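K.L.:
Sequence:
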Amino acid sequence: MKVKDVMHKGVDWVSPDTPVAEIAKLMRAHDIGCIPIGEDDHLIGMVTDRDIVCKGLARKEFDAARTTARDVMSDGIHCCREDDDLAKAIHHMETLKVRRLPVINKSKRMVGMISLGDVSQFATAELAAHYVKSVSAHH
Numbered sequence: 006m007k008v009k010d011v012m013h014k015g016v017d018w019v020s021p022d023t024p025v026a027e028i029a030k031l032m033r034a035h036d037i038g039c040i041p042i043g044e045d046d047h048l049i050g051m052v053t054d055r056d057i058v059c060k061g062l063a064r065k066e067f068d069a070a071r072t073t074a075r076d077v078m079s080d081g082i083h084c085c086r087e088d089d090d091l092a093k094a095i096h097h098m099e100t101l102k103v104r105r106l107p108v109i110n111k112s113k114r115m116v117g118m119i120s121l122g123d124v125s126q127f128a129t130a131e132l133a134a135h136y137v138k139s140v141s142a143h144h
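Just so you know, we're using the numbering used here here: the sequence shown kicks off at 6 and counts up by one.
There could be a bad hint or two in this list.
[Unchecked claim] Simulated pairs of lysine to aspartate or glutamate, EDC-like, Cα-Cα distance not exceeding 20 Å:
| no. | residue 1 | residue 2 |
| --- | --- | --- |
| 1 | Lys113 | Asp90 |
| 2 | Lys102 | Asp80 |
| 3 | Lys113 | Asp45 |
| 4 | Lys111 | Asp46 |
| 5 | Lys113 | Glu44 |
| 6 | Lys111 | Asp45 |
To be clear, the hints were calculated from the coordinates, so they are not data collected in a lab. The structure presented is a predicted model; accordingly, all values stated were derived computationally and were not measured.
Whole structure, please, built from the sequences with the hints as guidance.
P.N.:
Structure, rendered in structure tokens:
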């Protein structure tokens, strides 16, 4: 099975200057836990719901009116390709200890996102169980 067969298609991204409150509203509206961050037509990071809480709300100097994606995002981006085997993508996610991974095409354009939920629905029970144990462990 290929990543393109199980990923969520049509994922959007926002700029690093997007207010955190707007990102949280997007997450709620789309029932998602992360938003990719892009600048100059390139992905540069990711904001997760956990980033908003741990790097934003939990900080003493948090100011909801001024905090942007750049302030809370995880820098750097790891991806998989839409034509990758699902098992390869899962092993990559496992190594990185991430629950979500952007998916790019041959032109290096983001075309979707693969998540823990996708893995749980489409991977073999053995592969999914191994992955869940790995990413759920304390790190």
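K.L.:
Report the numbers of all earlier hints that the structure fails to satisfy, in ascending order.
P.N.:
Structure breaks no hint.
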